[in-house]
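Work out the full structure: start from the sequences and follow the hints.
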Amino acid sequence: MENAIEIKNLSFTYPGDEITPPVEALKDVSFTVEKGSFTVILGHNGSGKSTLASLMCMLASPDKGQIIMGGRDYAAEDVTDEEIFDARRRVGMVFQNPDNQIVATIVEEDVAFGCENLGVPSAEIRRRVDEALDTVGMRKYARHAPHRLSGGQKQRVAIAGVIAMKRDVIIFDESTAMLDPMGRREVMNTIERLNRDDGITVALITHYMEEATRADKIVVMNGGTVLSSGSPSEVFSHPMTLWNAGLDVPQTTELSWRLKEAGIDAPLDLFDCEECADGIVKALKGRFDSSVLCKNEEINKEKNIGASASKEIVFELRGINYFYGKGTPYETHALKNIELAFRKGEITGVIGHTGSGKSTMMQLLNGLLKPTEGKILLEGKDIWDKSSSIRDVRFKAGLVMQYPEYQLFAQTVYDDIAFGPRNMGLDEDEVRRRCMEAAAFADVSQEMMNRSPFDLSGGQKRRVALAGVIAMNPSVLILDEPAAGLDPGGRRAILDGIREYKEISGSSIIVVSHSMEDMAAYCDRIVVMADGAIIMDGSPAEVFSRSEELTGVGLDVPQVTRVAASLAARGVDIGRDVYAVRCAAERILGGIKS
Amino acid sequence: MDIAFGQYCEGDSILHRLDPRAKLIISIIYIVVIFLAKSVFAFVLVAAATAGLVAVSKISPKIALKGLKPILFIVVFTTLVNIFWYKGETLLVNFGFIHIYLEGIWNALLIVLRIVLLLIATGMFLTYTTTPLSLTDGMEQLLAPLAKLKIPVHDFSMMMTIALRFIPTLIEETEKIMNAQKARGADFSTGGPIKRAKALLPVVIPLFASAFRRAGDLATAMECRCYTGGEGRTRMNVLRAGAIDYIFTLVVIMLGAGVILINKFIPGFSL
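One line per chain: the protein sequences are Y and G, in this order. Residue 193 in our numbering sits at position 193 of the first sequence; the count goes up by one each step and never skips. Residue 770 in our numbering sits at position 176 of the second sequence; the count goes up by one each step and never skips.
Don't read these hints as lab results, they were simulated from the structure. Mixed in with the good hints there might be a few duds.
Below, simulated BS3-like cross-link-like pairs (lysine-lysine); rule was C-alpha separation at most 30 Å, straight line [as the list claims (entries may be wrong)]:
(1) Y:K370 / G:K792
(2) Y:K370 / G:K770
(3) Y:K386 / G:K770
(4) Y:K370 / G:K789
(5) Y:K375 / Y:K344
(6) Y:K140 / G:K652
(7) Y:K326 / G:K660
(8) Y:K166 / Y:K140
(9) Y:K344 / Y:K502
Here are the computed distance ranges between Cβ atoms for each label pair [claimed, not checked]:
(10) Y:E379 / G:F806: 52 to 58 Å
(11) G:A835 / Y:K166: 28 to 34 Å
(12) G:P655 / Y:T551: 50 to 56 Å
(13) G:L740 / Y:D17: 38 to 44 Å
(14) G:P787 / Y:D385: 29 to 35 Å
(15) Y:D385 / G:A803: 34 to 40 Å
(16) Y:G223 / G:A809: 26 to 32 Å
(17) G:F806 / Y:G119: 26 to 32 Å
(18) Y:D531 / G:K792: 39 to 45 Å
Selected chain G positions facing chain Y (Cβ under 7 Å, derived; list incomplete) [unchecked claim]:
(19) T763
(20) A774
(21) P796
(22) I799
All C-beta atoms in this analysis are idealised placements derived from N, C-alpha and C, irrespective of residue type, glycine included.
Laid out in structure tokens, this is it:
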């Protein structure tokens with residue numbers, strides 16, 4: 001097969017300055033992207049994958065090595081500016097942040113931007129723009145203002161801008177990382193369609209495993225080198241290698257791997273839930289018997305441990321109604337008769353699709369919005385009561401917003417973490433004690449404390465921002481998508497820190513997230529919202545066992561829950577309440593006839 | 595949250611459909627016409643024409659008058675200055691150090707009328723019926739010949755477009771950051787001016803950091819889409835002046851001619 005891009009022995013080092021040492025981002029990287037293929041470049045943050053993308057787009061030139069396209073080495077010394085410009089016409093790129101790549105104030109003007117730069121005649125631009133908007137399904141938004149669109153829609157506009165330029169190769173640099181599940185699905189479907197129907201070569205950079213399974217080929221990057229490459233089946237057949245590189249594998253693979261470790265030869269390379277279930281059933285060779293599982297006391301004991309309702313209530317919503325624009329024609333009823341109590345030492349996950357009212361609820365809890373009707377009781381006291389100061393409420397109900405790293409401002413990490421405690425009027429000794437404690441929870445090292453927060457990596461900044469809220473010792477910690485955009489290692493680090501904080505401080509934690517896998521793994525209790533109302537409230541097992549209702553309101557269930565359902569349809573009934581891979585594996589193994 | 599830039603009002607009147615370049619030129623002519631008017635009858639004609647504009651634009655007169663609110667102070671101030679300081683021939687009031695002349699009152703009236711007409715007319719042409727984007731476009735194409743004099747016309751218009759694109763994004767971001775800092779106990783609403791300015795630092799710094807980051811990202815994205823400046827660029831929407839643009843321009847020129855004729859032959863009360 002012909003190669004669209006051939007990378008040979010590529011090395012690249014970011015030059016350092018007085019403060020930061022030089023960083024060797026790529027070391028001797030070689031791989032090929034075949035024409036018409038769907039190649040995924042997988043790697044943790046800082047593995048060099050984004051550097052690779054900018055080199056492939058000719059945004060920088062490598063220190064050593066070759067980038068060959070159509071027989072020409074674009075990293076060679078004698079490449080002219082015209083040639084680079086020409087290469088850029090063939091390779092397009094869609095970036096991570098949907099806001100930062102849209103230039104014009106009207107959708108169709110933005111799609112036309114690239115063609116206008118190339119000097120395409122007006123009538124031809126018009127034709128291409130309409131066609132590109134049709135391809136991404138955004139034709140009816142042609143005259144809209146981009147800032148009014150959702151993240152997924154913005155990314156589709158950006159994709160339309162690239163395809164209107166008639167590129168052969170499109171590189172997606174973590175283009176789905178900042179989107180909600182619905183947006184991610186929209187964009188992934190668009191990408192797949194472009195690859196399949198229009199024969200466009202796609203190179204997708206990501207750290208989402210589900211996206212990687214759709215590829216023809218995966219290149220795994222680690223520490224600036226290629227760790228492994230091959231088809232998804234080949235790459236995911238070695239889960240240990242990926243785990244060690246700070247990555248993850250799909251839950252189907254993890255389940256099969258756990259079974260394999262226990263001596264059941266389930267195939268690791270089936271990523272579709274149905275196929276995976278088939279594979280497991282075949283590997284079990286009829287040895288599974290659900291009556292054995294029912295009698296297995298050890299597993300049933302674990303099953304009965306639910307969320308304990310005996311714990312003390314810290315935070316309570318009573319009869320909450322919230323309207324946006326009350327009395328105007330745009331009035332929307334964002335929250336409807338919410339009755340909810342949050343208990344000490346409990347992690348409550350709030351899930352719901354975008355627009356379900358969960359963000360409004362977060363802002364109500366922190367006193368950023370005032371309920372139209374109803375009462376919010378914090379430790380038994382109405383937070384909007386005249387006698388309580390809303391500022392004190394905010395100290396007690398700490399809120400970590402989405403992408404909190406964008407609010408860091410102080411000269412040093414220490415000062416930033418100390419911002420909250422100092423606002424509380426604490427003396428400097430107490431401030432210091434709190435900062436140190438919070439830093440330990442959020443895994444912020446002492447060495448980092450005197451550095452500027454702006455010099456840190458994305459994951460580090462996120463942890464500093466978390467420490468800044470923990471330092472106020474809130475009795476309720478509210479987090480909005482705490483792990484959004486982080487790679488699997490970063491996700492685990494931040495979520496583990498939150499759990500540790502709960503265990504030691506006994507605070508109540510409220511997490512809003514779209515990641516069902518994370519919610520299943522970390523929450524004691526899950527509240528499901530749809531259209532401004534609470535439709536489910538229970539332990540993860542209870543909630544995820546009602547998967548039809550969840551999908552009915554546009555939500556996913558963890559992949560392993562779907563596998564369990566497929567297994568049940570094939571006579572291997574391990575219950576509908578499975579939401580963690582470990583639990584699924586234990587139940588399958590627990591039901592094996594001796 | 596949505597900010598109405600210059601209060602563009604969606605609509606489909608003749609004014610909405612005029613070429614932005616025509617609107618720019620017509621506005622300039624219109625301003626000249628307003629300043630040419632001297633005779634009271636000329637003023638009546640211009641005022642009637644302006645009222646006609648509002649009617650044609652199908653924008654409610656209330657909105658048009660609302661646009662005058664910000665200049666209320668200037669109107670009052672110029673009126674007072676003219677009434678009390680203008681020295682004419684017909685003394686009306688002579689009380690201590692206060693001398694008010696008939697000519698002063700006339701002059702004040704004239705100036706106020708001019709300012710009001712000017713704002714309503716330009717508002718009708720340029721803000722209420724023209725989107726900022728097409729205005730920028732029109733300006734760029736109208737000033738294109740200046741590029742030969744090495745004036746970076748295209749770059750200025752690109753800057754305008756990007757600013758218009760990012761203002762709503764940055765406003766949204768400001769809100770988010772303010773909320774985040776409020777959640778950490780920041781207090782923006784109490785204390786003296788110095789304390790308040792200081793309290794804004796935790797908002798302004800991340801906002802700048804973010805604006806710079808966005809600027810960097812956008813520059814890279816533009817480079818990736820082969821942007822190299824205005825040279826060799828084509829446009830998807832080419833502005834084409836139609837008959838209606840010429841007719842409208844002609845009508846306004848005729849209005850000017852009418853004003854000059856009235857000034858000359860019916861110079862009633864003119865100064």
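Between L740 of chain G and D17 of chain Y, does the beta-carbon spacing fit 38 to 44 Å?
-> 41 Å, holds
Status of the given 26 to 32 Å range, CB of A809 of chain G versus CB of G223 of chain Y = For G223 of chain Y and A809 of chain G the Cβ distance comes to about 31 Å; the hint holds.
Would you say the C-beta atoms of D531 of chain Y and K792 of chain G sit inside 39 to 45 Å of each other?
-> 43 Å, holds
Evaluation of the interface hint that places I799 of chain G against chain Y, nearest CB under 7 Å | 4 Å, holds
Given the hint that K370 of chain Y pairs with K770 of chain G, test it: the Cα-Cα distance must not exceed 30 Å.
-> The hint holds at about 17 Å.
A774 of chain G as an interface hint toward chain Y, with CB separation required under 7 Å = 4 Å, holds
Given the hint that K326 of chain Y pairs with K660 of chain G, does the C-alpha gap stay at or below 30 Å?
-> 25 Å, holds
Would you check the hint for K344 of chain Y and K502 of chain Y, treating anything up to 30 Å between C-alpha atoms as holding?
-> 9 Å, holds
Is the Cα-Cα distance between K166 of chain Y and K140 of chain Y 30 Å or less?
-> With a Cα-Cα distance of about 22 Å, the restraint between K166 of chain Y and K140 of chain Y holds, given a limit of 30 Å.
Using the C-beta atoms of A835 of chain G and K166 of chain Y, is the stated range 28 to 34 Å upheld?
-> 32 Å, holds
Holds or violated: K375 of chain Y to K344 of chain Y, with C-alpha atoms at most 30 Å apart = 19 Å, holds
Taking the CB of F806 of chain G and the CB of G119 of chain Y, does the distance hold inside 26 to 32 Å?
-> Distance hint for F806 of chain G, G119 of chain Y holds at roughly 31 Å.
Hint check: a violation occurs at hint 10 only; the rest are consistent with the structure.
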